[in-house]
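Student: These are the residues of each chain, in order.
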Amino acid sequence: GAVVSQHPSWVICKSGTSVKIECRSLDFQATTMFWYRQFPKQSLMLMATSNEGSKATYEQGVEKDKFLINHASLTLSTLTVTSAHPEDSSFYICSARGGSDQPQHFGDGTRLSIL
Amino acid sequence: GENVEQHPSTLSVQEGDSAVIKCTYSDSASNYFPWYKQELGKRPQLIIDIRSNVGEKKDQRIAVTLNKTAKHFSLHITETQPEDSAVYFCAASLGNFNKFYFGSGTKLNVKP
Chain A
1 GAVVSQHPSW VICKSGTSVK IECRSLDFQA TTMFWYRQFP KQSLMLMATS NEGSKATYEQ
61 GVEKDKFLIN HASLTLSTLT VTSAHPEDSS FYICSARGGS DQPQHFGDGT RLSIL
Chain B
116 GENVEQHPST LSVQEGDSAV IKCTYSDSAS NYFPWYKQEL GKRPQLIIDI RSNVGEKKDQ
176 RIAVTLNKTA KHFSLHITET QPEDSAVYFC AASLGNFNKF YFGSGTKLNV KP
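Here the protein sequences come in this chain order: A and B. Note that this note's numbering numbers the first sequence so that position 81 is 81, with each residue one more than the last. Note that this note's numbering numbers the second sequence so that position 109 is 224, with each residue one more than the last.
These are calculated hints, taken from the structure and not from any lab test. Given the structure is predicted, the values throughout are model-derived calculations rather than measurements. One or more of the hints may lead you astray.
Cross-link-like lysine-lysine pairs, in silico, DSS-like; alpha carbons within 25 Å at most [claimed, not checked]:
| id | chain 1 | residue 1 | chain 2 | residue 2 |
| --- | --- | --- | --- | --- |
| 1 | A | Lys41 | B | Lys157 |
| 2 | B | Lys226 | B | Lys173 |
| 3 | A | Lys41 | B | Lys152 |
| 4 | B | Lys157 | A | Lys20 |
| 5 | B | Lys226 | B | Lys186 |
| 6 | A | Lys41 | B | Lys183 |
| 7 | B | Lys226 | A | Lys41 |
| 8 | A | Lys41 | B | Lys137 |
| 9 | B | Lys222 | B | Lys157 |
| 10 | A | Lys20 | A | Lys41 |
Sample of chain B residues lacking proximity to chain A, with all beta carbon distances greater than 12 Å (derived) [to be verified]:
| id | residue |
| --- | --- |
| 11 | Asp132 |
| 12 | Glu171 |
| 13 | Lys186 |
| 14 | Ser200 |
All C-beta atoms, glycine included, are put in the ideal place defined by N, C-alpha and C.
If we strip away everything but chain B, and leave its shape as in the complex, we get (with noise of 0.2 Å):
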């Protein structure tokens, strides 16, 4: 099956910075790939997303880039605020929406 590898687990940033969260991916397969934030005992809320056949995806402070043949994609978020604070999962699907294989989370901490 798929396994997705997240890094780094925590990550601590002032506010203004950017932050870059890491994720590969084992399945060449897969073709589509989400992510979340997750606060605290709350769902998990997607934020972006790319398909395969995309490079890259931004959406205001948020971006996403994708490397096939690295089998690699990075969330960046530029001009953090705290309330980017939270936990952030990266996942890849088997076909579009499919079942979802999620890394094993980053928390960031953005601080004042």
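Only chain A is shown next, with the shape it has when bound in the complex (with noise of 0.2 Å):
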């Protein structure tokens, strides 16, 4: 149980457009969305936090009209990368957690790679 999905896996798109990943709990509802970015050899930052229903609440530095996060349901958080630029090339992890006595389940990751 407790399965996340993380689509798509690896994208590859010119510089200026927007990409959209999809994370999604497949067997438990989320109540909690976590995006991360990894970049090579280098740790999980946290980027936002995103509870469903809500705005998602950025941490320091993470431009939120840059990266758009939407919780609409209960198994699905979007993030988009908009007009997407090579410095955004990185290693885009979700995660997600049933509640706040629940632990956070991640996603296979999303390898974005711009051009």
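Dock chain to chain to rebuild the complex, using the hints, since each chain is given by itself in its own frame.
Tutor: Quick look at the structure:
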């Protein structure tokens, strides 16, 4: 149980385009989802916390207008990287939890490459 | 905010030896400390966790110790095996299962 699916797993696109990444909880309702970014050989950096039905809370230094997060249902959160540039290339991972007393479960990640 | 530091960045051990990875945290309010194992390009996998009301927890070959006064916690892997080779991350959480602040990671290499 507690499976989190992330899609796509890998995307390559041109500079200036927008890319949407989906994070789904398959067998539980996720009241909270988290989005992380990981550069090669580096740690996971929390970008934002997303609660179903409310606006995401962004960490300091993360541009809200650049990284749009939507958590419209209890099983789906999306991260849209708007007007992506090469410096946005990274590994993006989501996690989800069912409640305040439940552990986080991670998705498989999305490798984003901007040319 | 919380700041988690992790050492060493790389660790190489012989199969069968023990491995220890250490982390410190800055916010005394943190009360949940998970450890994750991540293989290249894969999702982080929870291997063990500890809450602030416990000083030590063990699960077969893996153990975690927590010193709240000193604000540091450690991962201990005994009888290491080649399949233990991966990157290990510690994390601290402000509140149970709330957002995680990760350490910088330790690349463990277990030589057969």
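Student: Could you run down the list of hints and mark each one as holding or not?
Tutor: Here is what the structure says about each hint:
no.: 1; hint: Lys41/A <-> Lys157/B; in the structure: holds, 13 Å
no.: 2; hint: Lys226/B <-> Lys173/B; in the structure: holds, 24 Å
no.: 3; hint: Lys41/A <-> Lys152/B; in the structure: holds, 14 Å
no.: 4; hint: Lys157/B <-> Lys20/A; in the structure: holds, 20 Å
no.: 5; hint: Lys226/B <-> Lys186/B; in the structure: violated, 31 Å
no.: 6; hint: Lys41/A <-> Lys183/B; in the structure: violated, 29 Å
no.: 7; hint: Lys226/B <-> Lys41/A; in the structure: holds, 20 Å
no.: 8; hint: Lys41/A <-> Lys137/B; in the structure: holds, 18 Å
no.: 9; hint: Lys222/B <-> Lys157/B; in the structure: holds, 14 Å
no.: 10; hint: Lys20/A <-> Lys41/A; in the structure: holds, 24 Å
no.: 11; hint: Asp132; in the structure: holds, 24 Å
no.: 12; hint: Glu171; in the structure: holds, 20 Å
no.: 13; hint: Lys186; in the structure: holds, 18 Å
no.: 14; hint: Ser200; in the structure: holds, 15 Å
Hint compliance for this structure: hints 5, 6 are not met, and every other hint is.
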